[in-house]
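A.B. asks: Listed here are the chains, written in short residue letters.
2 protein chains.
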Amino acid sequence: MDWKPDRQSHLTIHVQIIEWMKTRIERGDWTVGTKLPTQRKLAAQFEVNRSTINLALDELKADGLLESKVGSGTFVANNSWNILLNKSQPNWQQHIEASIHKPNYHTIQLINEFEQKDHIIRLGTGELSPELLPTKKIERSLKSLSLESRAIGYSEPQGSKKLRSVLCEYLKKRGIDTAQENILIVSGALQALQLIAIGLLEEGAIIFQDNPSYLNSIHPFQSAGMRMIPVQRDGNLPDTLRIAKRKKQSLFYCVPTLQNPTGCNWTIGERQTLYHTCKQLQIPIIEDDVYHELLFEPSSSPALKSFDQSGQVLYVGSVSKTLSPGLRIGWVVAPQSVIQRLADIKMQTDYGSSAVSQEIVAQWLSSGLYESHILQLREQLKLRATFVENILEEQFKHIATWKKSEGGFYIWLRFKEPIVNKAFFLNLLKKNVLINPGYIYDTSDLHHIRLSYAYASLEELTVGLNSLIEVIS
Amino acid sequence: MDWKPDRQSHLTIHVQIIEWMKTRIERGDWTVGTKLPTQRKLAAQFEVNRSTINLALDELKADGLLESKVGSGTFVANNSWNILLNKSQPNWQQHIEASIHKPNYHTIQLINEFEQKDHIIRLGTGELSPELLPTKKIERSLKSLSLESRAIGYSEPQGSKKLRSVLCEYLKKRGIDTAQENILIVSGALQALQLIAIGLLEEGAIIFQDNPSYLNSIHPFQSAGMRMIPVQRDGNLPDTLRIAKRKKQSLFYCVPTLQNPTGCNWTIGERQTLYHTCKQLQIPIIEDDVYHELLFEPSSSPALKSFDQSGQVLYVGSVSKTLSPGLRIGWVVAPQSVIQRLADIKMQTDYGSSAVSQEIVAQWLSSGLYESHILQLREQLKLRATFVENILEEQFKHIATWKKSEGGFYIWLRFKEPIVNKAFFLNLLKKNVLINPGYIYDTSDLHHIRLSYAYASLEELTVGLNSLIEVIS
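First to last, the protein sequences are chains A and B. According to the working numbering, the first sequence holds residues 9 to 481 in order. According to the working numbering, the second sequence holds residues 9 to 481 in order.
For the record, the hints were derived by calculation from the structure and aren't laboratory data. Treat the hints with caution; some may be incorrect.
It does not matter which identical chain is used: a pair holds within one copy or between any two.
Straight line, CA to CA, 35 Å or less: simulated DSBU-like cross-link-like pairs of lysine-lysine [stated by the list, open to error]:
#  : residue 1 : residue 2
1  : Lys-145   : Lys-255
2  : Lys-169   : Lys-438
3  : Lys-255   : Lys-169
4  : Lys-180   : Lys-430
5  : Lys-255   : Lys-77
6  : Lys-77    : Lys-169
7  : Lys-430   : Lys-77
8  : Lys-256   : Lys-151
9  : Lys-125   : Lys-181
10 : Lys-144   : Lys-255
11 : Lys-151   : Lys-169
12 : Lys-12    : Lys-255
13 : Lys-151   : Lys-181
14 : Lys-12    : Lys-430
15 : Lys-256   : Lys-424
16 : Lys-412   : Lys-145
17 : Lys-151   : Lys-430
18 : Lys-170   : Lys-49
19 : Lys-256   : Lys-144
20 : Lys-145   : Lys-405
21 : Lys-180   : Lys-30
22 : Lys-30    : Lys-125
A quick note: this is a predicted structure, and the numbers were derived from the prediction, not measured.
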């Protein structure tokens, strides 16, 4: 929507707007049922008065091209104009509603949309601040990249050999001893989950998960028809799993190191119990380990995969939380038959991940660039965590509780009152503050927000947290 | 599988092999049921005699770790050793068989696998030869790429604004007048099909297509539970569609310009008939237009999208057939509601395409680099087509027929006898020649191969076509 009326034109502004809108509708860019932006927004975009917009819309309504629905806005109407001109458009809305994949929750769609706007303060984003990304260093490393022609052709089903071989070395530091043929390169950890959902599980399979869980805010398994069962990591875990599982196919999804959204870190005991229980019950585990390098202090957080002797654990890693999400590079480590299966589906889905991105990641991991970047990044995140914790200490102590961050991006802030509902989210959005409310990770949770100190600048964090206080009071 | 026995070790070679294999099994890299490579292959990989391999395998069989099945090879066995050591592995094979997504056909899995091997002559590949890729120029353009921090963060749902804005200009040359908000950046055209399958269609929806069709060799729609109906483009088309469609949801998939696999080019009349018929019947069209820039002579091949006034056509393009498949960049042009829906699912699937790849494509399209590359590429492909047609003329005239290529990569070679079956494919593979047999595009077709002059070198093309003649006689 970057069009603006031409002030030099012989046509009046409102006629130009009418013509522009007619063209959108005529060309089918705006199909029947499309909701128009608000008058305020249109006025801002076209840099005209609202009265001009009003005039144009009224005329289009009179033509029957648009209609207003009280309280919900202005829509493209299914009207006689269509029939007069003998136009027939597919009813896309009907297509969308009948189709297979679930839409994102509305709150998450709003988050995805508003995250892109410059004036928004992002208090919940699962992403590093642009200032924490090694942009200039990546730019420099691009200059020294030498490409082979084969490398920019279609990729091998499992991904670049060079990157997989570099990953074998890299994973040793995480206690994981593996081989190239046990690795699949994916376009980020989320794609790994998607491939596992459609490649290894039957419809109706059970996915066990922590509660709250990151999986509830995306839904690769839910969209594929799987049942999500939240479980508590307590003494009853073995019984809970045994009873819930019965004879069903199942899988346990977890983020044992710096869990998303809570930021909490499983103890060694909890890791071992989960692994051994799942082994005994033959429940495969997805270990999502994308945050482990961001632990502030060296601690005993071994990967489940490092004590996997039975091919039970599907290990998922990525550079999205450390180097750059824009590269879209992650990996899965798993038994060979699983990797081949997932690679086969990946070939059917997108024919592999970006070759240039794979080259960059291989270069960073093998040259030491990555390691030294992580050291700096960890210090930066630690400073930011402390900064936010100080604000919390000063301003939130009477209304909320939290745990000191052990690493990663998040503080799981718990309000004493159940105030975090959709209205709360929208009120903050009106103040240009975007939060990740707890209910996207656990629908029944109205107490938490996932506070991220990783994205917003220190100034924005201050302003954003102030707005939070304002909206609460 | 890059491990080799250590000839300096105090352990004998065959004991090292046993230990290595035990580790693979113990760690679960080779789960129960995994098929081992042939003895010949293992011997070649480890650089040892077959007798040494034999010795090692015999010992592992005696231990009960492996078992041979007559005629089909050696497998990891589900044996008492597992129970003795109290190991339990998930039955991955069972998981795979019960899961949602269909595997690729075996022939296609073999193609994907063998395409990666250096000694193989690829006579059917849908990919440019490494020597036709502008590798050095891409490398140079990387050096001048300046990245913004926001650009290497998570992408906007619809993809980079810069690239979408460049695409609006680029698409004008194809007669397509569109706007940024009607474009979605995808990781190649295949991902577009995948997103449309799960985002716009209900299970059981009908997909009309040409016969033979590229879609039969991948299967984004089939895996999502859709019905494929081949149709002839003749005078009966309107009736055929009306009768087959009834009240079902449906969609028409086509490659009107340089069709895959036949290389044929629809006439303007055929294009208009299809568009108007589909418009009348409200059947949306996917126009897969990835080859159009490779037409050898300027001809009247307008995009269906260029006369779309009803939002009926979902237009799909990509740089995979022209610039580099390894970049994994394509695009969809469609009504806004469709684009938003597909973008929403893409966010759930992989959170966007590689930022660096998007930057490169934007640079190439906007700087003129792309256009001048295409001009050269077209000439190169024309030379290659003529070269292959000369060989066909000399050696294949008595056994096969074909049409002179009008552009793109392919000649749809028709053998007079129905000789192109799986055995034929495998016999050629034994001679290190990989073909794309017609039956992967139409299961009942035993007459054709999709001959590609785009990948193999001229020398390889000569040798490969000779092998073809040898296997036939």
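A.B. asks: Please sort Lys-180 with Lys-30 into within, between, both or neither, judging by C-alpha distance up to 35 Å.
C.D. replies: Answer is between; shortest inter-copy Cα gap is 19 Å, intra-copy 61 Å.
A.B. asks: Which holds for Lys-256 with Lys-144 at a C-alpha limit of 35 Å: within a copy, between copies, both or neither?
C.D. replies: neither (50 Å within a copy, 53 Å between copies)
A.B. asks: Using 35 Å as the alpha carbon limit, work out where Lys-255 and Lys-169 are close: within a copy, between copies, both or neither.
C.D. replies: Neither way: Lys-255 and Lys-169 sit 39 Å apart in one copy and 49 Å across, limit 35 Å.
A.B. asks: Using 35 Å as the alpha carbon limit, work out where Lys-151 and Lys-169 are close: within a copy, between copies, both or neither.
C.D. replies: both (22 Å within a copy, 24 Å between copies)
A.B. asks: Please sort Lys-169 with Lys-438 into within, between, both or neither, judging by C-alpha distance up to 35 Å.
C.D. replies: The answer is between: 25 Å across copies meets 35 Å, while 49 Å in one copy does not.
A.B. asks: Tell me, please, which holds for Lys-430 and Lys-77 at an alpha-carbon limit of 35 Å: within, between, both or neither?
C.D. replies: within (22 Å within a copy, 61 Å between copies)
A.B. asks: Checking Lys-77 and Lys-169: alpha-carbon separation at most 35 Å within a copy, between copies, both or neither?
C.D. replies: between (57 Å within a copy, 32 Å between copies)
A.B. asks: When no copy is named, should Lys-180 and Lys-430 be tagged within, between, both, or neither for a Cα gap of at most 35 Å?
C.D. replies: Intra 44 Å, inter 42 Å, cutoff 35 Å: neither.
A.B. asks: Since the copies are identical, ignore which copy is meant and state whether Lys-151 and Lys-181 lie within 35 Å (CA to CA) inside a copy, between copies, both or neither.
C.D. replies: both (28 Å within a copy, 32 Å between copies)
A.B. asks: From the Cα coordinates, with 35 Å as the cut-off, is the pair Lys-170 and Lys-49 best called within, between, both, or neither?
C.D. replies: For Lys-170 and Lys-49, the Cα distance is within 35 Å only across copies (22 Å; inside one copy 49 Å).
A.B. asks: Have a look at Lys-145 and Lys-405 and pick one of within, between, both or neither, based on CA distance no larger than 35 Å.
C.D. replies: Classified as neither; 40 Å inside a copy, 58 Å across copies.
A.B. asks: At most 35 Å between CA atoms: does that hold for Lys-151 and Lys-430 within a copy, between copies, both, or neither?
C.D. replies: Neither: 47 Å inside a copy, 47 Å across copies.
Hint compliance for this structure: hints 1, 3, 4, 8, 10, 12, 15, 17, 19, 20 are broken, all remaining hints hold.
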